[in-house]
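A.B. asks: Given the coordinates of chain A, work out where chain B should sit on it, guided by the hints.
There are 2 protein chains.
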Amino acid sequence: MDLNSRIKTAVEQSILRAQSQPSPVKLAEALEHAVLPGGARVRPTILLSVALACGDDKPQMADAAAAALEIIHCASLVHDDLPCFDNADIRRGKPTVHLAYSEPLAVLTGDSLIVMAFDVLTRAGAVDAERALALLGILSRQTGMPHGICAGQGWESESEIDLSAYHRSKTGALFVAATQMGAAAAGHDPEQWEELGARIGEAYQVADDLRDALCDEETLGKPVGQDNINARPNAVDQLGVRGAVTRLTDILSGAIASIPSCPGEAMLAQLVRKQAEALTPMVPSVARV
Amino acid sequence: MDLNSRIKTAVEQSILRAQSQPSPVKLAEALEHAVLPGGARVRPTILLSVALACGDDKPQMADAAAAALEIIHCASLVHDDLPCFDNADIRRGKPTVHLAYSEPLAVLTGDSLIVMAFDVLTRAGAVDAERALALLGILSRQTGMPHGICAGQGWESESEIDLSAYHRSKTGALFVAATQMGAAAAGHDPEQWEELGARIGEAYQVADDLRDALCDEETLGKPVGQDNINARPNAVDQLGVRGAVTRLTDILSGAIASIPSCPGEAMLAQLVRKQAEALTPMVPSVARV
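Sequence lines, in order, name chains A and B. Each residue of the first sequence is one higher than the one before, starting from 971 at the first, in the numbering used here. Each residue of the second sequence is one higher than the one before, starting from 971 at the first, in the numbering used here.
Isolated chain A (complex conformation) (with noise of 0.2 Å):
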């Protein structure tokens, strides 16, 4: 099975348990909602590589391991468009979960995609005790507080920002969970897949401010220029989009150089490679890495 339909495969499963009757109708349907057909997956598709990568000798981990971290991603999205956050009227060419069913149903998407996620892992450990117990680890840590994503959003409240840590937990967090988790699934230490997730990460962040900055709302199937709307801080004002490029590039190099020695490392150069095509098309030269 290619990478695409095992993270669907993954995701369906769960979204369909949590669907069993009797429950309440109008929640069930949004969190299909949230999470279907979603959107890249770039997440689970990086841990899915890196699992292959260390071997993948029990795919039914990195399998859930894959749809967790895609379920929790869904959720901080449902949340990051509440309207006492982004207001967001759009997400992936569709109105936002609260916009759809409403804002306590919202709430509630994103609490439960979030209760589901580690539900998900739980249940791995049927498979694997030990390593089931290493990936929830993993994602508590990159998603509650103090250094995961929901530490990420909460910089946002403070005044002052201590910029470093908000964009590790903000956007790295994730990324970081994706590298290591990938490889804890597949039996690996975690520890050495940290620096490949933060660059990743940072990359992301970066290709993301050059897309606020330079894309239409219909490329980007959500409102543009959010970041200059909201005052948050964004590497194209801080570089100008030029710096903004050198820095992404800079960015990915590291990163490539920084995968640990395994069987599939080529492999993994060629994903971060395309990643960063898939993630900046208005930017050819960046696809040059």
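To be clear, the hints were calculated from the coordinates, so they are not data collected in a lab. Honestly, I wouldn't trust all of these hints.
One copy or two, either will do: identical chains are not told apart, so a pair holds if it fits within one copy or between any two.
Straight line, CA to CA, 20 Å or less: simulated SDA-like cross-link-like pairs of lysine to any residue [unchecked claim]:
#1 K1028 x G1008
#2 K1028 x A1099
#3 K1244 x E1165
#4 K996 x E1130
#5 K1244 x L1133
#6 K996 x D1132
#7 K1064 x A1239
#8 K1244 x R1011
#9 K1244 x D1050
#10 K996 x E1128
#11 K996 x S1134
#12 K996 x S1127
#13 K996 x S1129
#14 K996 x L1133
#15 K996 x A1135
#16 K1244 x R987
C.D. replies: Just chain B now, with coordinates in the frame of chain A:
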């Protein structure tokens, strides 16, 4: 150490860990505001009592379970109090998190606490992996979709409510979690303990309806008459005060009868009676169950 001290210590340790620097200070403070000094700690008290009745051979597992359950309960209170749900101003005699901090920080506080609860149990995996995974499974089942407290809150957005599923998930779920997690933490079969939790949950729901109908705001520490305002089903509306008291007495007798045979059986029956008194200060006859 008495039960209250065990719960307090375990919860405080988790909050402290989530406040490690660098992390956003306001969110770190909001976590503490939501969890400490806390209310009656009914659910973790039941959990530890069941663990003790089952021998409590690994107290670290029971302490982790108690902290995780109380933290999930606090998370649900923070989100339930949000403007889009109950729009409550006061909780446990203090301003609610969204009033004391902000609505974004209240959403993030709930999210971070959900993650923290699963993190506490994951860490306990270092003591006993099998029990930790059992505890994680119970907590996710009783918290998320389709049958946990998220589902319970979700029923309130439906035009046709399955009343039995609604009460079981909205109030019952975390009491079932309390008895089952207490048993699982001590290495006992959690299934046998479901009925006790479900019955305590029913009793608590009826008692809450009585308090909501009969008490003043100062006694409750939160606004009264919320069920009528929010058009939620209520036992006092359906049965009258006298009928609701009779129903409460019947449920508590059933709860005591359902306690599985174990060394701590008599102690547990005493605990249920004590909880009944605490729940219904204005209906002294209930204490004679």
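A.B. asks: Identify every previously stated hint that the structure contradicts and give their numbers, smallest first.
C.D. replies: Hints 1, 5, 7, 9, 16 are the ones this structure does not satisfy, whereas the remaining hints hold.
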